[in-house]
Amino acid sequence: MTTSSATSALTKPRASRVAGFLGLLCVATLLFGLSVGSTGFEPLWNLGSDAVAMQIIWELRAPRTLGALLTGGLLGLAGAIAQGLFRNPLADPFLLGSASGASLGVAILLVGFGISPLATQWFVKLGLTGAAFVGAVLAVLLTLSLARGVQHTLRLLLAGVIVGVVLGALTSLLSLTRPDILQAMQAFMLGSTAFVSWSSCAIMAIVCLTCTTAGVALARGLDGLALGEATAKSLGLPLTTLRGALIGILALATGTAVAHTGLIAFVGLAAPHLVRAIVTVRYAWLLPLATLMGALLLSLADLFARGLIAPQELPVGVLTAILGGGYLMWLMNRQSIAHE
Amino acid sequence: MNKTTAASGGDSLALETQRLTVTRGLVTILTDLELKIPTGRWCAIVGPNGAGKSTLLQVLAGILPFQGEVRLFGQPLRQHAAQNRARRIAWLGQSVVQSADDLRAYDVVMLGRLPHQSWLGGQSLADHAAVEHALKLTQAWAWRDRALSTLSGGEKQRVLLARLLAVEADVLLMDEPLANLDPPHQADWLMLVRELVAQGKTVVSVLHEVTLALYADDLLVMSNGKIQYAGKRDEPALHRAIETVFEHRIAIQPLGARWVALPTLS
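Those protein sequence lines, which keep their order, are chains A and B. At the far end of the first sequence sits residue 340, using my numbering, and the numbering has no gaps. At the far end of the second sequence sits residue 266, using my numbering, and the numbering has no gaps.
Next up, chain A with everything else stripped away, as it sits in the complex:
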């Protein structure tokens, strides 16, 4: 008994060390991200002398690399909160309908304003981001009202599924009636970090920091919920307030991520799982670690998306879906073997 507890303590590293390690890896991918692109390492060498090289690094590579880190962080955090809130390891950040809400918002905007060449680039960009965010938040509110509040987890889940299906159908309908927006819609649905600007990075950084801090402040409630709702209640936790606050954080983090990079699958689902595979921690540590893990996952995926068939690039959402799906299949197999 003592030996097994000793070995488990030995094999599982300390949370702070894992955090440091993940942080270092994030910085490393950030630096590496600056040197990867259709023109290769070259701009990095000519940074001092060449204005174009400077522009490539500063205006293209830096914001998108940072954007991938921040989006991944937001999704990792949202995934960890969703899994704690719904006490379900398969919960993902888009569970409350935010993804389909964001898609519908984008579709409505595209139909309303058209993709006219007259609209300036930044106007379209800002409009799409705003529409996606508003759509995501409205979808979550719709889910909450359908579930008649936050008291019943199962009702919330079902309402989320219904909202997802119905809003998805509406989006499809819009795309069918206006085939000219199909391509723009597709680009959004696949998810991409290619168009992240410095201002997007600033917004995402602020939201990510706020949400992580708020999440850590509520982490004890998530731990309590893990014992089951009845036990949490018997411990005097204000469940309604707690759930409301957690859903607020979830909606803000997911909405912000979706608005800037479109739909990126599996990062939110896989990041908390990967953290749990490495350490056994309370939510006060799990949330920041899942944030770091999500950031690392998406920035790595982004590097691959840019490098795999360079100078062409893959939408990073496609890559995360394939990698994430594969990882989950592996996890499932390993668990079923362990159970046998």
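Just so you know, the hints here were simulated from the structure itself, not pulled from any lab data. Note that beta-carbon positions come from the ideal geometry of N, C-alpha and C, so glycine has one too. Hints may contain errors.
As the list claims (entries may be wrong) - Just the calculated beta-carbon pair ranges, DEER-fashion: (1) B/H128 <-> A/H152: 34 to 42 Å; (2) A/L328 <-> B/D32: 49 to 57 Å; (3) A/M329 <-> B/M191: 47 to 55 Å; (4) B/R24 <-> A/I309: 54 to 62 Å; (5) A/P13 <-> B/S124: 21 to 29 Å; (6) A/P13 <-> B/L120: 24 to 32 Å.
Model the placement of chain B on the given structure of chain A, informed by the hints.
The following block gives chain B in isolation, referenced to the frame of chain A:
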């Protein structure tokens, strides 16, 4: 005999209900239930499946909504602020939930200290002392660093029992606390409850094992959402009531100074 008072000699009441009714959807689970549980005693609840035992325990713990009145130390339960109530009465449920699997045993037991902590405050020395004490009482200290998922059913149960003890509440409600425990640890549990009661705590437990329930000071016999009989351990009328609610499929016999419930084979 008094039908509703578990013991006649109790000075003050830990728990009391008046016309307690609980409905879920269209089904009435508890009907006009009246009970009095005195302070500083161990009361065991027995009865067939579906009698409403677990529901009663959850109502007393403040988890389920109810009609009628429930009083905790004389004060209506509804008037207690949630955190204040949680400090005075602790509840241990029947099922071991899977979602806690990724928590360390120590962290699970620390959750028992939630009623004593403010939202942004940290864990005090008293919290750590209470957690250590509780884990040692249930002999679970050795695997404090292990994740719940790596423990066996009985080991998990002892960690969850420690979680209950860490609350340091005056009233402890336990639903099937002996599930998954082997006989030596069942005996340990009986001694632990004796010790708690000796310290002035009140223990209310739902037990399926009637022989073990007959170690309690007082027993409540439940069926069909009602208390059919309440009395002290050695009362013959209590034994008859227990045999009746179990449709005379068990017989209660004396064995030395104790009582045993044996299955009757007809």
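Against the structure, the hints come out as follows:
In this structure, B/H128 and A/H152 meet the distance hint of 34 to 42 Å, their C-beta atoms being roughly 36 Å apart. Against the hinted window of 49 to 57 Å, the Cβ-Cβ separation of A/L328 and B/D32 comes to about 52 Å, which satisfies the hint. The beta-carbon spacing between A/M329 and B/M191, approximately 49 Å, falls within the hinted interval of 47 to 55 Å. Taking the beta carbon of each, B/R24 and A/I309 are about 59 Å apart, inside 54 to 62 Å as hinted.
Distance hint check: the CB atoms of A/P13 and B/S124 are about 27 Å apart, consistent with the given range 21 to 29 Å. At roughly 28 Å, the beta-carbon separation of A/P13 and B/L120 lies within the given 24 to 32 Å, and the hint holds.
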